[in-house]
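Asker: Residue strings, one per chain:
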Amino acid sequence: MGKHHLPVFVEQSVGQIEVLKMESASKFDTVVREETHQANLTVSCTSGCASCCYHPISISILEAIPIYRSLLRHGRWNASLRKKLEESGRHQLGVDYEVWLLALIPCPLLTSEKRCGVYEERPLVCRTHVSVGDPYYCHPHHIGPHTQVLPNNGIMRAFHQDQAKVLHKHHLQLNTMPIGTALLLAEKVCTGEMELGAVDSHVFKEYLENA
Amino acid sequence: MPNLNCAICKRPKDAASMKVYSTTVEERRAMEKMGEKSPKASYAYCKSCLSILSNPATGLSLMKGLIQVQARAQGVKEDVAEKAAEKFVKQVASKGTRQ
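If you're matching them up, the sequences are chains B and G in order. Every position in the first sequence, counted from 1, becomes a number in my numbering once 7 is added. Every position in the second sequence, counted from 1, becomes a number in my numbering once 903 is added.
Treat the hints as calculated values from the structure; they're not laboratory data. Quantities reported herein were computed from a predicted structural model and do not represent experimental measurements. Fair warning: there could be bad hints in the mix.
[Said to hold, decoys possible] Think about it this way: if two alpha-carbon atoms lie no more than 16 Å apart in a straight line, the pair counts; the simulated EDC-like pairs of lysine to aspartate or glutamate are:
no. : chain 1 : residue 1 : chain 2 : residue 2
1   : G       : K916      : B       : E216
2   : G       : K950      : B       : E18
3   : G       : K913      : B       : D103
4   : G       : K916      : B       : D103
5   : G       : K943      : G       : E929
6   : B       : K212      : B       : E93
7   : B       : K176      : B       : E18
8   : G       : K950      : B       : D103
[Unchecked claim] Label-pair restraints from in silico Cβ distances:
no. : chain 1 : residue 1 : chain 2 : residue 2 : range
9   : G       : K936      : B       : P152      : 26 to 34 Å
10  : B       : E120      : G       : P959      : 20 to 28 Å
11  : B       : K176      : G       : Y924      : 46 to 54 Å
Think of the CB as a built atom: it goes at the ideal place given N, C-alpha and C, for glycine as much as any other residue.
In isolation and in its complexed conformation, chain B is listed as follows (with noise of 0.2 Å):
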């Protein structure tokens, strides 16, 4: 499993959407550099708080690619995951958004030590929350207008429209979608048990089957 290679043309996408991420996130810290530097703030995040890996998170089928295999390379890619996968993307398709905040429902590559399961290769919308504010504000039951949190909003919409180039070429429409279920879809399109092009259609299924 996980040796079926893509088409030329996806793997290029794939990768360019990674280079897009990097250069997207690295941005992003000249920025959180220059912010705190200039209103003299301080960034709160610390390793463990995880506060964050409580919101509901969606990635686009080419971002979750290299995760997937990031997962499988290093073992960690089993049933167990699977299950939790499946159940996490089956509930933010149909989840309200703050009853997801409220009821605390983990991010599903959060481990036990309350770290990220796939630091390296995390996504870009957890690589730009950046608190600078106290840390019990960040807590989702916590969350009001004490919560310091650095805007992304144009980091992030400048990549989707980017990704959004990219996924076109694939004849795909859906920027993003859960992160389980992204996860899920990149295995199958990996192992060739799915074509790239058939992803938005599945996930639209499901869509509806949840709504």
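Starting from the known structure of chain B, fit chain G onto it as the hints suggest.
Answerer: For chain G alone, kept in the frame of chain B given last:
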């Protein structure tokens, strides 16, 4: 089929896909004591919210979160709201294990 609003997420959903629970007089009295102005005779829950509620881990977190949010909206201090929510959730959890 008429639509019903989910008691948790407030989203309107097809009544046929929802689960409706009736409340007893005692439950309504208890709800009034807790600050609910006009408790209803029944509450409808959508499939998604019910699956969250019926899972012990997420269900208790959701209840705790909802209480905190509601208490804060009524002007209750952050730490007081948190303690009250914790106490309520502990009571619910202990009842759950007795059954």
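Asker: Checking against the hints above, which ones are violated?
Answerer: Hint 2 contradicted; others consistent.
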